[in-house]
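S.K.: Following the hints, position chain E against chain Y.
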Amino acid sequence: MSSSNIYQGSESFRVRLVLSILSGRPIRIVKIRTQDDNPGLHEYEAGFIRLLDKITNGTKVEVNETGTAIYFQPGLLVGGPIEHDCSCQRGIGYYLESVMQLAPFCKKPLKIVLRGVTNDQVDTSVDALKCVFFPILRRFVVDDEGLDMKINRRGAPPLGGGEVFFSCPVRKQLRPFQFLDPGLIKRIRGTAYAVQVSPAMANRMVESAKGLLLKVIPDVFITTDHRKGVGKKGSPGYGIVLIAETTKGAFLVAESSSNPINSGKPPSVPEDIGLEAANRLLQEIYRGGCVDSNCQSSTLLFMALYQKDVSKIMTGPLSPYTIKFLRTLRDFFGTQFKVETKQRSHEEEDLRTGCDKVILTCIGVGYTNLSKTVA
Amino acid sequence: MDEDIFDKKKQHRERHAGRKAEKKKGKNEHQQDLTAQQRNPKAFAINSVKKAQRQFHRAQDLKTKKQHIPLVDRTPVEPPPIVVAIVGPPKVGKSTLLRCLIKNFTRQNLSEINGPVTIVCGKKRRVTFIECNNDINSMIDIAKVADLCLLLVDASFGFEMEVFEFLNICQVHGFPRIMGVLTHLDYFKDNKQLKKRKKLLKHRFWTEVYQGAKLFYLSGMVHGEYQRTEVKNLGRFISVMKFRPLQWRTTHPYVFVDRLEDITPPQDLHLDQKCDRTVCFYGFVRGVNFKNHCGVHIPGCGDLRVRDMAFLPDPCPLPEKLKKRSLVDKEKLIYAPMSGVGGIVYDKDAVYIDLGGSHSHKDQKLDKGEDENEMVTSMGDLQAGVDEKIAQSQVQIFTDSAPITSVDAESFKLPSVNVVVDSTGRQRRKAVFSTADEQVMIDEEEEDDSEDLDEEDLDETEAEDSKNTASMVQNESLIFDESEEEDERRSIKKAVRKSDKKISPTKKLRSKLADVLDENESEVEENFDSDAEYDLRDVSDRDDDGSEEEPMRKKAKVVSRRTVQTGNDELRKKLKEVIESVESKLGNQVKKKNRKVSANGLEDLENSVGEYDSDIMTGKLDKEDDESDEEEELSADEEKASDEEEEASDEEEEESGLQWKTNIAQKAAEAFYERQAVGANLRKLIYGSTEQTRNETQGEEEEEIGGLFKIASRATLKANLVTMDEFDCTKWSNAPIQDFTAESVLESVRDCFVTGNWKESENAEELLRMDDDSDFDMEGDFEDLETGEIHKVSDKDQKAISDQEDSDPINKKTSTGPVDEEAERQKLIEKKMKLKERFDAEYDETEGGGQKSFYEELKQEVDAQANMNKSEFEGLDDEIRVQYEGFRPGMYVRIEISHVPCELVSNFDPTYPLIVGALLPGEENIGYVQVRLKKHRWHKRILKTRDPLTVSMGWRRFQTLPLYSIQDHNMRNRSLKYTPEHLHCMATFWGPITPQGTGMLAIQSMNSSEPGFRISATGSVVDQDKSTQIMKKLKLVGTPFKIYRKTAFIEGMFSSSLEVAKFEGASIKTVSGIRGQIKKAVRKPEGSFRATFEDKIVLSDIVFVRTWFRVDVPRFYTAVTSLLLPASEKNKWQGVKTVGQLKRERSVRAEVNTDHLYLPVLREEKVFAPLVVPRSLQRQLPYDYKPKAEVAAPLPGSKRDIEGKRVAVVLEPKERKVLGLMKILKTRYTERQDKLHKEAVQRIKEHRKKVEASEEQKLKRQRELKQKVSRVLSKMEAKKERDFGKIRKKKR
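In order, the protein sequence lines correspond to chains Y and E. So in this note's numbering, the last one in the first sequence is 375, and the numbering has no gaps at all. So in this note's numbering, the last one in the second sequence is 11292, and the numbering has no gaps at all.
Isolated chain Y (complex conformation) (with noise of 0.2 Å):
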């Protein structure tokens, strides 16, 4: 019926199948790293379109035997309660992040148990995404009833065994978003976790992120969480996350985590990740906007996705990643933000307060949350 779009190669692969869910128009990705030398679609993506298949009801996928072309027709999403093991060469970030841009807009409330790696180096970690995500979710979906997320067991690569619930009320359509004065930092938080291995790791993280930390601000408490006695099944890891919440309820998040055992990297050391997370934060900072550069996308997302009023919101330099989403998103819902650099006043001007911020601002697409039943 509806006309498909044709994509090539596997980057943003998950930003376009959640776009084609919401839009409901088939999508078909072809040349799927035909160049590589493992060619074709990874298993953490035919895991992620099992994912969606779970959520969705009346999703038609079609993988060619190579698995380097797909075609995916999107159902409608109905949400519910729903188990998934992710693969472990990603962490539940990887999916996590893709179901909370879907959960709004299910029939029934969405409930979802996802089981891997939930700390590691290259995905957004759990922890992140609670802290940051989570708030900016909780302005978009007006009353958080029912906005839930718990990590039940940590698991770190390469065997995972981490549990993550969570759990988002249904909306027929979102709230418009203007969010343009981060305010300022008035306190830093973070956790570091351990697991497998001794306490002290943690100690070590939180002594040297606190160490650099001190210098800009007093407020810093970071908690310890330390797991023992996950099971045989997980590996060893520890990690730090940081989070910077600012007056106005903005929050920045950095993190950092210790090289997986097996990976041929050498062990890292406890200190030096403290010091990188810390590091990562200030830099987060330095680019600073009102929500993090995990998030830009999930938030412009949201912002795309309501009745024909202006959003508008100031971030940091957008991330490439960023950069792409809103490429797709013109793709697909022929939004276009209007960007702009955030001028200066003059009462701003000799404020160290970092790079220079960007204003975005777009109307939305007039999207309804087709599969909800009214009464």
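Calculated from the structure, these hints are not laboratory results. Don't take each hint at face value.
Derived EDC-like pairs: lysine to aspartate or glutamate, alpha-carbon spacing no greater than 20 Å straight-line [said to hold, decoys possible]: (1) E:K10063 x E:E10857; (2) Y:K215 x E:E10762; (3) Y:K342 x E:E10762.
So the derived label-pair ranges between C-beta atoms look like this [stated by the list, open to error]: (4) Y:N259 x E:V10754: 32 to 40 Å; (5) E:D10877 x Y:E348: 26 to 34 Å; (6) Y:T223 x E:K10759: 31 to 39 Å; (7) E:F10839 x Y:K186: 31 to 39 Å; (8) E:E10747 x Y:K186: 13 to 21 Å; (9) E:K10759 x Y:N259: 53 to 61 Å; (10) Y:K186 x E:D10033: 50 to 58 Å; (11) E:E10879 x Y:K186: 42 to 50 Å; (12) E:D10877 x Y:K186: 57 to 65 Å; (13) Y:L214 x E:R10305: 55 to 63 Å; (14) E:N10734 x Y:E348: 25 to 33 Å; (15) Y:T223 x E:E10879: 48 to 56 Å.
We treat Cβ as the ideally placed atom computed from N, Cα and C, and that holds for glycine.
M.R.: Same frame as chain Y, now just chain E:
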């Protein structure tokens, strides 16, 4: 006199002192005015808590009742014309009214009205009139777009079904404003009857619409027109009517098409008359913002996708000045392209001046005689501008290569006038826009080389004539087609050259630029030269061809050179500016100028030149010269930020700058962010480059065309592949990270924390200080919160205080009045304080004691949103603005849609409304739609499940097969065979996904000839899904064949043991109500099973299991394509017929299962077997109960038999006499006998008495005798006894 004296009384003298005076004084002492509440507090006290609560509750209820959910006001600043539809049954005066209204507004008489007519009818109001014909499809479409409906009713006849149908359609699709108009009132001669009729109709109308709905009376015709005053009145009402937003229309953009043009390339038409067409639709955008390239639905045609959209100058603009009170005649514009008025027609790139009444849309009827001239005539009939067609035209060089279009080459056009004289001698002046691409590259020296691409490509289309020219043209077009890129390069190169001459930029810059442009330089150079050659040749060619064409087309065509030249001049100027700006290295300037250029429609120029310019600029803008080159390279690539970053740092390392090496990472990061920060770049970084990549993806074709010219190198392809399969991760992991352990770096974020410096406006210290300052010199000042004015008490030297009115702070400061008295000042201050207090009190009251209510907050939020929507993109250029927000309502647009069925164009009828309704994301899909539906109470028959139904929902009209169901209490959807009579039910059908809450309307047959009400059901969408759960009850019946105590084996319920396995554990029941459970399948007979019951069942029992069976909803959906039908059949669209219809048509009768027939119940009398009592029992019974022997039939000849056979005898008179006598005798005889008998009886009685008496005597005597005897005897005995005793005594 005396009397007077006596009458005069002593005057009363009031006491002024003393007790009495004091008393009186005390009495009259002034009491303070008290309010009623103060005077009588008891009356206002809360006596009953309950009552008080109720009162409060009621007050709150009333308050909340007035509140509505605040909605964001999305009405545009300059709204589109309102759509006024004139609706009514045929022959009621619609056309006459329309003509009268148009005449009323414009003072023009339209001879022929076809399609919508747009009129400027007031200073701020435009109206589009449309007459709705008597077709239910039209009525539905009209109801979806009309803002106001004039419902015409023939008063002499009364309401007709169409009126009610239309009202019901309106109700479902959001109820536009409706005004009734009664016509044919002159039919009533009798005034009283007329009055009665009016009243009757009015009340009926009110019940249908709403109480007090406006109803107009058109009392009669004068010279075939309605009376002027009445029409004027109606017009006035139309022009001041207010509208409320309707849900569907405030979420869905749409265009009510007032013109369409077929722009299919003529070659395609030539090959196949019935090929899919490319059509341009024109009209005002209504509703909300219309996004380009979105999916649309054309009711009556189908789902399509917008290929392109462009806005055009308003053909019917509102007057600019609003000074005068009313409109001047000049401003009373009328625009009715399909009716052939309106003069100038603007297209995207051409202006058509219409001189006659026949603009276009003649039927394409070709006379057979004109066959030899078919091409020529078809050209005469073209509905699109020649230039457009050229833009669409394609040339294929090789069989397997992709066709080339000239569109790519075109970028902008400036008008020139083309006077075309057709065969009839009529002059048509057409403004043609020339292309400008070449002009971009034309150097200043080559003035004469301005050529017209149009003309060339026109040649191209007709190139078949001579191979020579054809090949040449192809070559040329190839060169042009080689695309903008090269043009751009050229222009840039020129720019660079220029700058070379005038100033010498750093060598690095130049070399980088050269790198960028380098690759095809030599080629470009060649092309450039050859271009010039071709240009020259073409000019001559063009002239020749032009002269050839003229006789062929029978049209004169003159190109006015001057305009073209002026166009060139302008272009050149622009180009100069661009170059200059490059020279002066001022990026902003260039951007501005570019914008100017683009404002003139030179978008491509901007894109091409601007892009490269800005690239150069970013290089220039960098502070450090050393860095500039890599920056340039980076910005030139502009695609992969991160990769570049690495590159950049690498390069930097290679170079041997010493100072900056210390902080490479930081600088790289800063530079990276800075690059993003350049505002204009940012947009291009995001969206601009995609256009490149898009081109690249399309590039494959281009490569193939360019078999000769290989554009894409292997390396770029590989790079493409790398980006194609880039790692999918949200984390910005490869971004440069600065080392914040260094104090200097850490300083850069110091003020992001609360511990750092604050903004002045937020800094508490600063604020406090400011407060102190103000307190110091502004004692007693206050701010009027309502007006935002600051009321100040002037300083001691500024003694005079102006009044409340002129409280302007500036005035305040400057006003230095005479210094009068301290008292006066005090008084004024007091007065002001009082005012302030009052204001504060009021303010607090309205805002709920400082706290705003939820409702007020919500309202404010919504208002703020509405303001933001209006103001956000206000200053922007329309070209850019439409990209951000889409086409605003009120814009006049041209929508180009390809793959339109040819019938839409060939069977086009302007009297049928044509709507292009946009679909929101997701609405193009198909799924199971569930609606809550109720059969219309006026529809005669109930609806059968799975019978085809035509549904109007959203923009669409379609036919589908609904399945009716009703929800049980356990939320199960139980399927129904028919819709309930007066009850809502659910209908599920396969159809387009439409937002929940959208109204739907169902029609069974659209045939207007059918009597009765055509709307069969109405409802609203509840849910949609990709699967359904509608269940049907199913009873499976079986019989026991073997019964043990509580176990039974049952057969006949299932056909295989597999089926049984599925139902294991299911509860079963016998008819007599014994419950049981299915246990397990047994092997033989197949499908039988063992079951247990709560009690023993009998062999004759029937066992059944109750199950639910999922019913499939048929997947049938077809759009009603009524617009594609030929004019005469437009209202006769026929979809799928119902089974009933088919059977009726073919007189097929269904095989009747006689079991299903209802027959009169016949009950046979029960015949019981005779009761037989056993003989032994019989014997014991009393006689009465003993069965008696039947009286046997009389023997033949017996007395009974004869008596039974007696016959009536008729006697002769004599015989009768004899018989009578005999009777008398007999009677006498019997009488006598009786008497004798009685006497005898009496006698006997008496005799018996006598006998008895004598007997008595006898007995008496005998007794006495006996007594005597026995006395004697006993005496004797006693004597004897005594004697004996004596003896014994004696003996003793």
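S.K.: In ascending order, which of the hints set out earlier in this document are inconsistent with the structure?
M.R.: 2, 9, 12
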